[in-house]
Amino acid sequence: MLLSPFVGLLVLLCLKNEQKFLIRAVSVVASGISLALSIFTFVAYDKGLGGLQFVEKYEWVQTFGITYFVGVEGLNAPMLLLTGIVIFTGCLTMWELEDRTKEYFIWMMALVTGVFGVFMSYDMFFFFLFYEIAVVPMYILILVWGSTRKEYAAMKLTLYLMAGSGLIIPGILLLYASSGLNTFNMLLLHGANFSPWVQKVAFILLFFGFGVLAAVWPLHTWSPVGHVAAPTAVSMLHAGVLMKLGSFAILRVGMYLLPEGFQYWANLMMILATAGIVYGVFVGLAQTDLKYVIGYSSVSHMGIVCLGLATGTIDGLNGAVFQMFAHGIMTALFFSSVGYIYDRTHTRDIHELGGFSKIMPVASAFFITAALCGAGVPGMASFWAELLVFVAAVQVFPVAGLLAIAALVLGALFALRVVQSTFFNEPNPKFVHFEDVSPFLGIPRMILIGTLLFFGFFPQIMVSMIKSSVVPFLQGM
Amino acid sequence: MVFSDPILLGCLLTVFLPLSAFALIMIFTRDNPKLSLAISLVAATIPLIIAWTFFFKLGGRAPIIYNFDWMVSDLVKVPFGFLLDPTSLVMFVIVATISWLVQVYSIGYMAGDPGFGRYYADLSLFALAMLTLVISSGLLQLYIAWELVGLASYLLIGFWYEKFSASEAGKKAFVVTRFGDIGFFMGLVFLVIFYGSLDIATVNSAAVANSMPPWLITTSGLLIFCGVMGKSAQFPLHVWLPDAMEGPTPVSALLHSATMVAAGVFLMTRIFPFFAASATTMTVILAISTLTLILSSTIALAATDIKQVWAYSTVSQLGFMAMGLAAAALASGTLFAGYYHLTTHAAFKALLFLCSGVFIHHFGTNDFFTMATQGGRKLVIPMACITIAALALAGIFPFAGFFSKELILTALAHLDNKLWLVLGLFGAFLTAYYSFRVIFVMLFPKSPEAYSKVPGHIAHVEDEAHGHGAHGHADDAHGHGHDEHHGVPWVMIFPLLVLASFTLILGFCQDYLEKLLLGASHPHAMNYFLLVAAVGCALSGIALAWLDWGRKDAKCVGFISRFPALQTFFIQKWYMDHFWRWFLNRFIYGIFSKWFTYNDRRVVDGGVDAVAFSTVGSGRLLSFIQTAFLQYNLLFMVVVLAGVGIYLMMGR
Amino acid sequence: MNAVSAWLTPQTAATAAFVMVIGLTILGALIAVGARNIFHNVLGLCVSLFGVSGIFLFLNSPFVALMEILIYVGAICIAICFAIMLSEPLYLPPPPRNKAKVLGAAIGSAGIFVFLGLLLKKTQWTAAPERSTDWSVTTIGHYLLTDYALIFELVSLLLLVAMIGAIVIARGGRGNP
Amino acid sequence: MLLFNQLQTYLYLALVLFAIGLYGVLARRSLIAILISVELILNAASINFMAFNRFLAPHPAVGQVITLFIMAVAAAEAAIALSIIVAVYRKMKSINVEHATELRG
Amino acid sequence: MDIMLFGPELFYLGMALVFFCLTLRRQVQVRLDYQIALALSAVGVLVTGLCLFQQGDLFFKAYRVDLFSQIFKFALALGLFLVLTISHNLAAIEERYQAEFYFFLTTTTIGMMMLVSSVELLTIYVALELSSYSLYILVPLRRGDGIDVEAGIKYLFIGAVSSGFMLFGLSYIFGATGSTYLVDILPKMNQLVNSPIGIIGLLLALAGFFFKLSVFPFHFWAPDVYQGGANQVVTFIATASKAAAVALLLRLAVLGHASGYNFTIALVILSVVSMTLGNLVAIVQKDFKRMLAYSSIAHAGVFLMGVLTITEAGYIGVIYYALAYLVMNFTVFMVLSEVAADGRDLQISELAGLYRRSPLLSMSLILGIFALAGVPPSIGFTGKLLIFTSAMNAGYFWLVVIGAVNGTICLYYYLKVLYAAYFIDDPGLPVITLSLPMRLLNYALAAIIIGFGFCPDRIVELAKAAAKAVL
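Residue numbers (this note's numbering), protein chains in the order written: chain A, 821 to 1297; chain B, 9 to 660; chain C, 328 to 504; chain D, -12 to 92; chain E, 108 to 578.
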């Protein structure tokens, strides 16, 4: 799975700039293969058996105890599926791209390789390596193909995330050094007895380091700016998948290796998460740029993920991972719809837009679906995730949980406000002539909606998958 | 397995047929009205048949429960299932029937609308959600359906989304009900955490009281009642319902009078024993619902929009039902009174709306004064039906409303504090007054000038424009129905007749229903004083309406105009909308949102930028170390070296 | 006389000579860095170098002292003189002193002085346990061709490089006015 | 103990020479004067070597050899420095170090 | 004496001889000189490669040939070869001096090769001076209006003062231990734990290498020389010469192992200040080479971080990173000198439109820059991580934190370069065409940067063996 985008990248490198169709086709095929593989792993994963499956392991640098160690378990299988779906739809979404196509897809593929790598790695070295690979191409993707203050945004995003890395490196190395095992293998490190000091320090470093990418409040400000500037598919990937890297990493590295540190800082996590949930909603209410609105909704939703993680209960973790998945798909849908509209109208100001349900009913249906999902309407995957998180949160942190639930009202207001002014009311005559989404471009969005609804109706498929790993995970803590 | 069990199959069909209809229409046949209609009707008819079949076949039998795992996490276990007991069966029938009738009615009402397909898709979505709600076996499933109902309501209210008021009303409805739902949700979360199950059957059992402390039961009960407040439009969350009349009238009939808003009351009956376990809860409910009753009745007597009148009437009647249930609970009575009123109300209120819909459709206005002056009474069947329904609403024998109201008043009478009863009677009086205000105006129209003094009524000429603006779509599509006077299509008349007959029949099904619901019919000790009082109130209300509006030389201003302050207060709807608007603008947008945004830009993001700038700035500052003068550089080097060296020497 | 002779022991004479040599060295150095005329600086350097070679004499190394005079005074100072004549005209009045710079330089060098002085003060020197007493020039030559043969070669290469470099750099401007 | 028989004397002397040289490097404007000061610094190091050679080292020849090499290196350094100084003068018409201020920041 | 032991040095001596002869000719034959130089240096790489696994002592144990020295010699040979590959267009150097240019490059390489093998203080000093003097001469060789000689004079004097300090330090070491041989000094140093003379002498002695590596506060020459020197010369200074300095730091730092805390605390200070200062000041630079100079100051801090651990892991990291730094820094300089084909100084903004003018160069630039910034999967990332790991292992938690934070700061100015290359475009700028060998070189560099970044195992094993040789 890791290979297919990488091979795609290599093939793309060999193609000429002019062969645009071929370039697109190759990237779509490559991402399609990774999607197929991720679906395969998701389906073929033996939940009953649990644990790590599809393991690949090679000694890499023995002197430093680095192994190439990838595998799939219940926690990352949903993430892989998410990545597969989002990258595939992202590639399809950007089919229309004309400007520097080849480079674009090359960077995309690099990014995706990194993302898959992070989700699958069980070696901290590779985990971090892939993490960086996933983050850095963002700079160029935003800079070259972005819009709206892209220089500022690209720089801010990259530096912010790299500052996060600046915390992660000491964190990871502290674990490595203080374990005394001379290994980066997380499964082995899990058995190490870290002193309380190491637990606390390393956890907070990792939490904030990865928290930047997960847009944990108050480290979130790069995310709206970045989303606004990024081109459609990049926003999709970024909000949809990359932000999950952060929360996944908190789970996988932080909580898994440092249970005591987690216990110590759980309250902080909870406070920040709740702050993010409430805060994101309120700030989102005041935004007029569609992508900003989505950006802040992401902040809010990632707060839910973080809250779920902070609970440290089975329900909470199930919910958090499920929410990562659901939010990923949902945000991808959001951005792909907005991207479509923006590509046509070149504005994202909700006051200027209007009546789009009339002009492009299909495109707006996509957006509205996403908005409803964001508001936590049942029948969509995110409802279940939020349910789980909230139950766990009220159980563990009653006040924060109730506050978070209360924020849902505003979440609805938030979503509907945008929907109303963008898609309802009288159409702006400037935009009446635009065409609706063509069936071909509709495919990726349909896939996303289909996924949301599928897991909305059959949440058990996802939950049992996640649970198969969460239970041993928590026992390990 | 599914096919071997007809009951389960029926349930599944009930749920999945509308679902597939919704999906099919949305994805494929949105642009094809005929096909969409066919799909939707099929998906509505089969549940109808199933509902009636179940009603008669399973009516007296023990509850049938099906449960399947839907999602099993750790603490949270959500089953997907069906619970067929009398409570759900009655509602099942009501929903299926009215839903079907409205779908039929809409064939005429919505004909030619460009969003016809979408309309039926949304109706199917509603049917799916509402039917699932009714027959669900667990509270969480119920909650999910509850939310979906809200979603359908949102879509249908904002059906004419080009219109700002419509989309605004949809948003308002969704957000306000969501406000209540959050409470509901929190209540459920409490139940999950402290009780561990959301199965309706177990929640209703005595086990709850044993495993949860009383304060918790009260808290969760009140929280769950928040949901009821939102959905059933109880004070102070009632504000969305009148606005929801922006939707097409059949939608108002179906969702916002008969079924969806009744879902709140249905929820109360559904877990009546749970609610009843806490007297505090019930007292609060009683107070709120009484307030709602009075409030909405008074607003209704100042309204000029026919749908607004019925909307406020709905609010008040819902309050009445809640009163009935609360009173019954406090006086250890049964849920029957409230539930019975729900049933009858569904019939006559749907009838009222559908009749009004005919008028609206025909005259292109919502203002009943205008309808009257333009000859509304010439539409005989609708006029007759609306009168029947109004009589039922006012609680006049032998119409359905009489019996059910009587029961509720009886329940109120059982309470120690007779204030509730007095208020209930006052409500009945007001109800009779405002409903017959409409009827008398329609039946005995005066000249347009006579109505010019009515506050809120807009003079004829502007009215035309207003009407067109308001319902441009229905009208334009219709080729100006009232110019040609080609009569009312049968698809619209037929549902009226069916409902009218229900209105007539239901009153006499009391015993049957009671037996069905409670297992036994209790002989009612007729409280003759109460009977007289109730009928007297109703009649005096009608009489007052006659004096004010009906008789030849009526002043047509209403008695309330004697108290201008009160009248303004009522016209302004007790300033509740203002309050909410103020709250939203002032607190949510004005304080929190604005302040948080400012904070985000300046403090959080500004801080980050400041760090970046100071980094660059310090770079600029440090670059002055690198002067062009060789010797300064050397000096710096030497001094640093000396400094480090001396430090090391000292440290030793 | 006796007192004088008692006072004028060889040690005293040597000490006096040593003090003179030190004075010469330091005085020369001061002239070398302090005088404002560049030729005076060179002369100061020469004086200082003579002093240093005297010190080398005190350190039992007449050979090195001789080489010091030969190489430094004979070669380097002459080269510097040539360079002076090739570069700045001497008749230009020297620019006024920059007080801040002088002060800074003084502080810097004083800092180093303090630092290393502290170091010297704190250090206990220990002589090697077995010390050879072979001071002959032959041994030096022997070392040059055995233990330090590589450096010997390196230095020759270094001088070659310096020569060619000097030619290349110094010649550079002339063809390119 | 006689003054000239003490290691410390020589070491301090070398240090003084070193400091004077350093002062010259830091204070003088003329590039040639700076070169002269550098020569002083090298001489200071030579004195150090010779002193250690005289008082401490196991093989007294080693220090002398080192000093000889330092002289050679100093000569090479002087040659290169002087040639560059001449080049500086050619290009900039000045050997004042304060005039070489093109490169900064 | 086995000729193979001294093979590389002899070969380069021969090469210097060839160019010495070439300088004597009357007529100028630029192409021929270049071809000879390239061919000879290629052979030199081969020779050095062949001698990679030689081991032995020469010149009365003043000269040690082991894996450590041979790896660095190989790096130096490679550096020379690489610099010569981009010397095909020596626009910055007058044609009649090009033979001298090759000559001095060769001699400085010899000096560095001797440097990395020397295990005797005086040899180290003289070899260092040999390599430095050649560079002092190379810097003002540039055709220019004065900044070249200005850079040269600054380089020279800062170098002279540094070597003065170094010599002073060496004298103290000599005095304290009575020997100039590292093997003899090491045990004596261990006895000097309680006396400051050992570590002060050592620190002063390291000044020469701090100067070469441009560690704070000996860094002042770097920006000026980078800017003032010819691109090719600066490339050599920035690549090969750093590797040699690192090698010697590694060799000498071992001496400080015994003196423990005080020695390392000094290095920690220098490392932190170097990193921070270099990165901060680099942010505000506009001249590309000047920016790279500050980046080299910052990198010096990173090298120090590995050196000061004085552990095997740290040494492995530093050796790996030194090799990596050579390649990645060269990559960036190659792009620079190809873009500035007329030998001028390149402003960062002048990289505009590089993605269009030459996609290949822009790819190399990205890889080089990312590697310098420590972004995976590049050798720079792996190297940095190895160094950080070792520092953390040695207990320098805060040092690693500061290093990691610096990793973020440095990204800012590296990204500015990419910004210029990828985002700004000036349609007036012509397309850059590369010759086939240059294209191959680009691909090879890319392959090395990515390949060894992703699969560092071989190099790490080699570095491990080498580190064992010094420790």
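Rather than coming from a laboratory, the hints here were simulated on the basis of the structure. By construction, the Cβ of each residue, glycine as well, lies at the ideal position given by its N, Cα and C atoms. Any given hint might turn out to be false.
[As the list claims (entries may be wrong)] In silico DSS-like cross-links for lysine-lysine, where the CA-CA straight-line distance does not exceed 25 angstroms:
no., chain 1, residue 1, chain 2, residue 2
1, E, Lys168, E, Lys575
2, E, Lys168, E, Lys393
3, B, Lys523, B, Lys454
4, C, Lys428, D, Lys80
5, B, Lys386, B, Lys65
6, A, Lys867, B, Lys454
7, B, Lys523, A, Lys1178
8, A, Lys1250, A, Lys1178
9, A, Lys877, A, Lys867
10, B, Lys560, B, Lys386
11, E, Lys575, C, Lys448
12, A, Lys1178, B, Lys171
13, C, Lys449, E, Lys295
14, B, Lys386, A, Lys1250
15, E, Lys295, E, Lys393
16, B, Lys386, B, Lys454
[What the hints assert, rightly or not] If you want the ones that stay clear, here's a sample from chain B, every Cβ over 10 angstroms from chain C, calculated:
no., residue
17, Asp82
18, Pro94
19, Phe202
20, Ile501
21, Arg589
22, Leu643
23, Gly653
Exercise. Mind listing which of the numbered hints don't hold for this structure, in increasing order?
Key: 2, 3, 5, 6, 7, 11, 14, 15, 22 and 23
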